[in-house]
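So that you can map any letter, position 84 of the sequence shown is 138 in my numbering, and since no number is skipped, the others follow by simple counting.
Careful, some of the hints might be misleading.
30 Å max Cα-Cα, derived DSSO-like pairs, lysine-lysine [what the hints assert, rightly or not]:
1. K207 to K125
2. K211 to K125
3. K211 to K221
4. K125 to K221
5. K211 to K222
6. K222 to K142
7. K142 to K125
For the record, the hints were derived by calculation from the structure and aren't laboratory data.
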Amino acid sequence: MHETDEILYRRFLREEQEEDLRILLERHREGLTLFLFGFVRNMEDAEELMLDAFAIAASGTSRFSGSSSFKTWLFAIGRNQAMSMLRKNRLRFSSLEEESAAASDTADLELLQKERNRQLYDALEQLPPDYRQVLYLLYFEEMSHEEAARVMKKTRKQIYNLAARGKKALRETLEGMGFENA
């Protein structure tokens, strides 16, 4: 029987079942790390932020109300941690030139093992941060528009608009890279 994230998390808090937390970590580690990488542009920082988000969840200091899925709540914690890190370190999203120099970091991403995926990822990296984030949440993490809205602290209408603009911008970027009918 496949137990939901919510059941596992509540049981972990109630009974301190370490196995439940391990299962949650296995389910969400990769997706959360890739999402956070989009903010900090450094795999080590993204992994640290992912662990911080799980530590906050495990400590119970941030209350899970159940008004969203566990995954949405966890990603929102991760996003808040990333934003805090960016504020503390006064980091800015890299310019396109800096992104090219940081391409060696992308070798760590399993998602980029195939050339086509790498080119798609390169095209995504050229999009404005909000477009990149919304497309990642909707299509890679398969979140609903409402869940993405909660993670990004936007309205559902804003998510629909960002997704439409993001898809259009991605299509134009891919066509500029030589893809036909992108």
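**Request:** Check each numbered hint against the structure and report the violated ones by number, ascending.
**Result:** 6
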